[in-house]
Amino acid sequence: MKFAVVVFPGSNCDRDMYHAVKDSLGAEADLVWYQEANLADYDAVLLPGGFSYGDYLRSGAMASTSPVIKQIREAAEAGKPVLGVCNGFQILLEMGLLPGAMLPNEHLKFMCHYETLTVENADTLFTTHYESKEKIRIPIAHGDGNYYCDEATYQQLRDNNQIVFTYDNNPNGSVGDIAGITNDKGNVLGMMPHPERAVEALLGHDDGLRLFQSILTHWREHYAINA
Amino acid sequence: MRKVKIYITLKEGVLDPQGKAVQNSLQSLQYNNVQDVRVGKYMEVLLEESENLDEQINRMCDQLLANPVIEDYSYTIEEAG
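Which chain is which? The protein sequence lines are A and B, in order. First residue of the first sequence: 1, per the working numbering; consecutive thereafter. First residue of the second sequence: 1, per the working numbering; consecutive thereafter.
Any given hint could turn out to be false.
Unchecked claim - Here are the computed lysine-lysine pairs in the DSSO-like style, where the Cα-Cα straight-line distance is at most 30 Å: (1) 11(B) with 41(B); (2) 80(A) with 135(A); (3) 185(A) with 135(A); (4) 185(A) with 70(A); (5) 11(B) with 185(A); (6) 80(A) with 22(A); (7) 11(B) with 70(A); (8) 22(A) with 135(A); (9) 41(B) with 5(B); (10) 109(A) with 41(B); (11) 11(B) with 109(A); (12) 20(B) with 109(A); (13) 109(A) with 135(A); (14) 185(A) with 80(A); (15) 41(B) with 70(A).
Claimed, not checked - Short derived list, chain B residues pointing at chain A, Cβ under 10 Å: (16) 13; (17) 14; (18) 16; (19) 17; (20) 20; (21) 41; (22) 67; (23) 70.
In short, the hints are calculated from the structure, not lab data. Quick reminder that beta carbons are idealized off the backbone N, C-alpha and C, glycines included.
Isolated chain A, as found in the complex (with noise of 0.2 Å):
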């Protein structure tokens, strides 16, 4: 299994992600300049986390925009896992592929910290590892991640269970202790959490790298039965 992460100018996060992909599930990568990126070419596409375009007018609202977007849009429809981290979310959002909006923290400070989430939804492909309402702990790291959709959404979101992971202490105001959200069809994940961040024990928690797997294992029953 192959996977793209995207890299645009002002994303930080691209080679965390990155290492959990190659190193800690020890499947294939490659990082992909937005510019050059062809993503026909892979199995699953990552957005890391970051800064693109130094967050000019929205999050994520000029990456949103940027030709690769047609590109991820296609391996979204195509059924193709695509999972936006962080400012990845934001770009998601802001493209529209997942419902919804980001707004500062209600706070306003960037906060950098573990927090303990609920999956809420262990159906995803994303998260079959997981025990359904499991505690895992990821860190986040974000100063735009008070999720906000309004009621109707929010209630749409409800009901097609594409909440998946929920915050247990909300840090930073998300509607409904949102802290990651897939698309109707369920092969689209955004989540401000950074499980790319947490793939190692060594280092702290790797509650994070069982998403990986999760992908990894969906992919193998899916795609590469002869494999």
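Fit chain B to the supplied structure of chain A, relying on the hints for placement.
Leaving out everything else, chain B in the frame of chain A:
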């Protein structure tokens, strides 16, 4: 040439943590009659004349300049030297 002045504001009902912080600071400067502050964005876009200017500006706002999930926009068009 036309100068388009675009005002982007948070939708009513969307919390504005930045506005709240500015409001608190104004109040700590003893402006005790301040009831609420909402922070928005202002942009000036210089454009060549075109027939469907309004349609174009609306598209620009919907596609990039404003996020329709959380923001409203309005604009005025002026003659520019």
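Straight-line Cα separation of residue 109(A) and residue 135(A) no greater than 30 Å? 25 Å, holds
Hint residue 16(B) vs chain A: min CB-CB distance below 10 Å? 8 Å, holds
With a cut-off of 30 Å on the C-alpha distance, tell me whether residue 109(A) and residue 41(B) pass. 21 Å, holds
Residue 80(A) and residue 135(A): Cα distance at most 30 Å? 27 Å, holds
Would you check the hint for residue 80(A) and residue 22(A), treating anything up to 30 Å between C-alpha atoms as holding? Roughly 18 Å between the alpha carbons, so the hint for residue 80(A) and residue 22(A) holds.
If you draw a straight line from the CA of residue 185(A) to the CA of residue 135(A), is it 30 Å or shorter? Holds - the C-alpha atoms of residue 135(A) and residue 185(A) are around 24 Å apart, at most 30 Å.
Does residue 135(A) sit within 30 Å of residue 22(A), going by the straight-line distance between their CA atoms? 26 Å, holds
Was the hint right that residue 20(B) lines chain A, CB cutoff 10 Å? Cβ of residue 20(B) sits 9 Å from chain A, so the hint holds.
Given the proposed pairing of residue 11(B) with residue 70(A), does the C-alpha separation stay at or below 30 Å? 29 Å, holds
Pair hint outcome, residue 11(B) versus residue 185(A) [Cα-Cα no greater than 30 Å]: 29 Å, holds
30 Å Cα cutoff - pair residue 11(B), residue 109(A): 22 Å, holds
Is residue 185(A) close enough to residue 70(A), meaning Cα to Cα at most 30 Å? Holds, at about 18 Å.
Comparing the model with each earlier hint shows no violations; every hint is respected.
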